[in-house]
Each structure stands twice: as structure tokens, then as C-alpha cells.
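Chains as they are written, first to last, in the numbering used here: chain A, 1 to 203; chain B, 1 to 108.
These are computed hints drawn from the structure, not numbers from a lab. For every residue, glycine included, the Cβ atom is placed at its ideal position computed from N, Cα and C. One should not assume that every hint holds.
Said to hold, decoys possible - Restraint-style ranges between C-beta atoms, simulated for each label pair:
#, chain 1, residue 1, chain 2, residue 2, range
1, A, S3, B, R8, 36 to 46 Å
2, B, R8, A, R159, 23 to 33 Å
3, A, P64, B, I40, 37 to 47 Å
4, A, K127, B, P22, 40 to 50 Å
5, B, D18, A, D135, 42 to 52 Å
6, B, Q58, A, R159, 16 to 26 Å
7, B, D25, A, A68, 26 to 36 Å
8, B, A74, A, E59, 34 to 44 Å
9, B, P82, A, E128, 40 to 50 Å
10, B, R54, A, I167, 20 to 30 Å
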Amino acid sequence: MNSQVEQALADLKSGKPEEVGRALETLQGIVFGFGMKVCGTPEDAEDTAQETLIRLARELKGFPNARALSVWLYKVAKTQCLMSRRKSKFAPAQMLTLDALMPEGRGTSAPQIKSWEITPEEITLEKELRSKLEDAILALPKHYRLVLILRDMEQLDTREVAEVMGISEKTTKMRLHRARVFLRNALAGYVQGSRCSKEEHHG
Amino acid sequence: MADRGCKRIFALLSDYLDGALPVGDRRELERHLEGCKPCIAFLESLRTTVEACRRYGQNEIRTRPPQLPPEMRARLVASLRPESIRAKVSGRRKSGQGLRKSKHTSTK
Chain A
1 MNSQVEQALA DLKSGKPEEV GRALETLQGI VFGFGMKVCG TPEDAEDTAQ
51 ETLIRLAREL KGFPNARALS VWLYKVAKTQ CLMSRRKSKF APAQMLTLDA
101 LMPEGRGTSA PQIKSWEITP EEITLEKELR SKLEDAILAL PKHYRLVLIL
151 RDMEQLDTRE VAEVMGISEK TTKMRLHRAR VFLRNALAGY VQGSRCSKEE
201 HHG
Chain B
1 MADRGCKRIF ALLSDYLDGA LPVGDRRELE RHLEGCKPCI AFLESLRTTV
51 EACRRYGQNE IRTRPPQLPP EMRARLVASL RPESIRAKVS GRRKSGQGLR
101 KSKHTSTK
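Starting from the given sequences, assemble the full structure and let the hints guide the process.
As C-alpha cells, then:
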């Protein structure tokens, strides 16, 4: 991601129309991809990308480096996403608590989970699992969803995410962990459920 | 295996995966993991989830957005050139004025 933004910034600074056009397409692609993950619809992602680029053209002040441009882009895109027409698609604002997220968790019992046998190498993100992941992300309350997408998908570091979100690094880490556990639980049900069904079929 | 220990470890797992735990906490967590299979299994499942998110993120970045309408693209390119930016910074008329978002071009 950083290398893409670095290249885009270099292209913008070159002043050549072809290179500025290429930078525009790179930045549009980044913001559109972010919008797709956050908003879940191409229409909202397109709105987000266009509004962000227009703001970039209106407000562009020399960005000292790719990091500054990246944080600015995500800040604006995040705001646009939150204002999107289909914002009702966002899960209702709520707090995710670790007690509620712990497997079999009532706060006092140890995690009781079946072993998760699938390894990163085994997961190919086939269509069905990918769809499940997308659904789980969209089911996350928005402030958790944004942190997870920025950190684990857009690959910003904790400090950058905190800056984009306007929150402390401590809060960023807390939200990230809860969002990850929420997704893990959503996918665990899917993987285990699929396996149970299979075993029943074969049994 | 102490329940309270599991609960404390549970809160530290993401920082552990990110290599962001202070040394003392990391050692405590690793000692706990040596004797706690459920926590090991949970850690691995969390690692798998994070890896899946990263792969999904990388795939999605490759999704091509719809092309910008030509007129809008031309205005943006003109506005984003360094001389336009310098003009804006020095307080001249904003070149971005007049830019309006287009109607959707998505076909989906």
C-alpha cells in the first residue's frame, strides 16, 4: 500500500498529465477498494472515491510524504463512508465486550472451543468463505469495522489507524482485538458447521 | 489452568500476534500457553482469521473501480498538477471549484 501511495505522490509531483492521471487512478483504486470493504456496495464505494478525489483536488496542499497523503485519504474516505446514503447498512452502534466474545464466555470459564484445524495455507478464500467474511465484516459495528479494515486489510500501522480514526492507540488496539475475535467467532461457526454437516452426511 | 489466567491471556492475543506485547506480558502469555490447549487453539484460530483478512484485503485492492467520467477526470488531473496546487496555496482562485460528483457509473 505504501509503495502505491509513494508512487502516486511522485507522479503527482511530476506535473506531467499522464503521470498525474496515473496517480489519480491509483488513488481512486485505493479509496474505491476501501469503500467496498467498509460500505459493501459499489455505488457507495464509487461515491466515496469520487468525493475523496474532489476534496483532494480542492484542498491539496503539498503532502510532505506518502504517509501524510495516505492518512489524509483514509480520513476523508472514512468520513464519506459514514455519510453514505446506504449507511443504514451499518450494524447498529454497540459495544463489543470481551466477556461476550469469549467462546462459551460467561467471564469465568476458560475458552471452550473445538480445535480449528484449518491453517492459513489451507484457506483459499473460496467464494463461499469470502462471502462469509464479507458478511461478518459488514455485521461489525462501524467503529470496529473501520479499525479492522484499516489495520488488517489496508495494512496501516496502529498509529496511522489511530490518527485516521481520531482515537488513541490504546483504543485502537482494543477495538481491533474485539473486531478480530468477532470475525473469528463468525468464521468458526461457519467452518465448524460445514464440517459437522459433512460428517453427518458421511456418518 | 486458571480461568482468570485464560481471561487475561484472551485480552492479550492480538497484541501478541502483532508483536506488540511488552516482554513481561509476552513471557507470561507464553508460559500460560504451554499448559493451556484451548488458548493455543484460540490463538491459532485468531491468527488464521487475521491472515484471511489480509488476503481478502489484498484481493480487494485489485478490484478495478469504474472509470471516472472523462470530463471529471480531466478536471481532476488539471487541479492536481503542481502549478494548480501552488496557485491554491498562494490563495488564488480554487481550481477545484466547479467539480461535481458524477452520477454512478457502476453497472452492478
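Evaluated hints:
1. A/S3 / B/R8: 36 to 46 Å: holds (39 Å)
2. B/R8 / A/R159: 23 to 33 Å: holds (25 Å)
3. A/P64 / B/I40: 37 to 47 Å: Holds, since A/P64 and B/I40 (Cβ atoms, about 45 Å apart) stay within the stated range.
4. A/K127 / B/P22: 40 to 50 Å: holds (41 Å)
5. B/D18 / A/D135: 42 to 52 Å: violated (25 Å)
6. B/Q58 / A/R159: 16 to 26 Å: Given a distance of about 22 Å, which is inside 16 to 26 Å, the answer is holds.
7. B/D25 / A/A68: 26 to 36 Å: Since B/D25 and A/A68 have Cβ atoms about 32 Å apart, the given range 26 to 36 Å holds.
8. B/A74 / A/E59: 34 to 44 Å: violated (19 Å)
9. B/P82 / A/E128: 40 to 50 Å: 48 Å Cβ-Cβ, so the 40 to 50 Å window holds.
10. B/R54 / A/I167: 20 to 30 Å: Given range 20 to 30 Å: holds, Cβ gap about 22 Å.
The structure shown violates the earlier hints numbered 5 and 8.
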